[in-house]
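Q: The sequence shown runs 6 to 213 under my numbering.
In case anyone wonders, no lab produced these hints; they're calculated from the structure. Watch out, some of these pointers could steer you wrong.
FRET-style restraints, in silico, Cβ to Cβ [as the list claims (entries may be wrong)]:
no. : residue 1 : residue 2 : range
1   : R91       : P68       : 17 to 27 Å
2   : P190      : G84       : 35 to 45 Å
3   : R141      : Q60       : 15 to 25 Å
With a Cα cut of at most 27 Å, we get these calculated BS3-like pairs of lysine-lysine [stated by the list, open to error]:
no. : residue 1 : residue 2
4   : K157      : K39
5   : K157      : K115
6   : K39       : K8
7   : K157      : K200
8   : K115      : K8
9   : K200      : K132
10  : K132      : K157
11  : K39       : K200
Positions of the beta carbon are idealized from the N, C-alpha and C atoms, including for glycine.
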Amino acid sequence: MHKLRFVLMGGFLGAGKTTTLARLARYYTGRGLKVGVVTNDQAQDLVDTNSLRAQGFAVEEVPGACFCCRFNDLVGKVGDLQDARRPDVILAEPVGSCTDLVATVVQPLKDLYGSRFEVAPYPVLFKPAHGLRILRGEGGGFSPRAAYIFRKQLEEADAIAINRIDEIDERQLAELTRLVNQAFPGTAVLRVSAKTGAGFDALTALLE
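Full structure from sequences and hints, please.
A: See the structure below:
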């Protein structure tokens, strides 16, 4: 039985997950693969869903709660996409404030649905401005809870992707890379721009 490739893309609010998923979807379709997308948020009628559908992608959504609380709904929506579109790859975008996705989503997919899904390594994106303020310990308008969520997300990542590198200079990028390596030693660090495509080869190589 052919396994469906499942890609979960984590990241804090403003990290650029939707833009990244759209570029990934174009990458896979350019290789002749069919792509399905599942979005997630606390609200109904998701903006990200409408944005991705407007770009021509097949999208289902899990609204009202994060994937970790609606795991069965996530699996059900993937099933809907399989029935309707027969995708080769599923791209899933969780709520930006969610943590513990490895324990509540990634590992259960592997343990309970290993014969059905081939789960990719789990990358987590972040916005440079957020990373600089939080990893420097400056706060910069972030509550202790928000800073905790940000760090917790990076802590559970298979790879940490500094996204939106087109918005910063080389000095800031070098500092960010150093701060990430200090805080999360041993975790791969990618430098990408979902907007321009810079560094995207490293991300697609990780996922494959």
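Q: Return the numbers of the hints above that this structure violates; sort them in rising order.
A: 3 and 4
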